[in-house]
Amino acid sequence: MRRFIYLLVFLVNTGVVVLMIIMAIKGRDIPAPDVSDLAVTRLSISPDENGFTYFSAAAGQLYWPDDPAFLNDYAAGQWFDHEAIGKVIAQNREALDLIHRGTALSRCIAPGIYHIDTPVPYVRDWLSAGRIMEVKVRHARLEGRYTEAVDACVTLIRFAHLIQKDAEGLIHYLAGVSIFEMGLGQARDLARDPGTGPSGLRKLAGALDEAGPLSPGLIRAIKVEYRMVVNTLDDLVASKLNAPDHDRASGP
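Sequential numbering of the sequence shown, starting at 1, is according to our numbering.
Heads up, some of the hints might be wrong.
Label-pair distances were calculated between CB atoms; the ranges are [what the hints assert, rightly or not]: (1) P65 <-> R101: 20 to 26 Å; (2) I171 <-> D81: 33 to 39 Å; (3) A57 <-> D193: 30 to 36 Å.
EDC-like, lysine to aspartate or glutamate: derived pairs with alpha carbons at most 20 Å apart [claimed, not checked]: (4) K203 <-> D189; (5) K87 <-> E143; (6) K165 <-> D209.
Hint data in this document are derived by calculation from the structure and do not stem from the laboratory.
Glycine included, every Cβ here is placed at the ideal spot set by N, Cα and C.
The task is simple: from the sequences and hints, build the whole structure.
Dropping the structure here:
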């Protein structure tokens with residue numbers, strides 16, 4: 001009996017030692033994963049070749065009504081006083097001209113976003129400008145100015161494409177996709193309208209073809225998000241992120 005107890009204790013102790021060895025081996029830090037494919041490449045271009053330069057300048061000229069509900073309703077297809085709509089468009093002529101100049105370029109490189117609490121106030125201006133442009137397309141079409149309507153729609157589609165193509169994070173990408181949806185809605189209305197004509201349809205088709213797939217912009221946006229999270233975790237470890245910073249990063 002005593003031998004059996006000694007053997008049992010020996011086996012239990014041996015099992016515990018083996019288990020501790022296994023846990024020690026399993027508990028070792030694994031090699032850091034290879035995340036080279038998540039690196040974000042930023043293009044360096046001069047301000048006069050960067051659509052962001054013109055889009056930022058347009059934000060300073062943008063007129064946005066205190067109660068913009070009528071613009072949203074009008075863009076969605078509801079009726080509203082055409083004269084009042086025309087006045088809003090006229091008040092934004094300089095801003096829309098700047099956006100048009102920006103869409104003639106091939107890239108929109110926004111300032112780099114490296115931390116989760118980096119402010120991006122211009123995104124709201126992009127969405128507001130997109131709505132004004134959407135309204136302009138509908139207004140021109142309903143007044144029979146089809147060439148103007150098509151050109152404005154092409155500008156709207158290019159504006160959205162440039163924003164999402166070089167997205168500096170998901171907030172940029174989602175803004176670009178939202179504006180792209182505005183352009184698609186107006187393009188569909190123009191395509192259904194006989195007044196658009198073959199030449200107008202070819203312009204719209206060309207703009208949509210130029211925009212291409214949205215997946216590259218999404219891939220870049222996800223890479224930027226990964227970089228932001230890593231930097232934020234590094235700040236937490238280094239105690240560089242205080243309570244107010246955490247509140248801003250967490251949102252309302």
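(message) Going through the numbered hints above, which ones does this structure break? Give me the numbers in ascending order.
(response) Violated hints: none; all satisfied.
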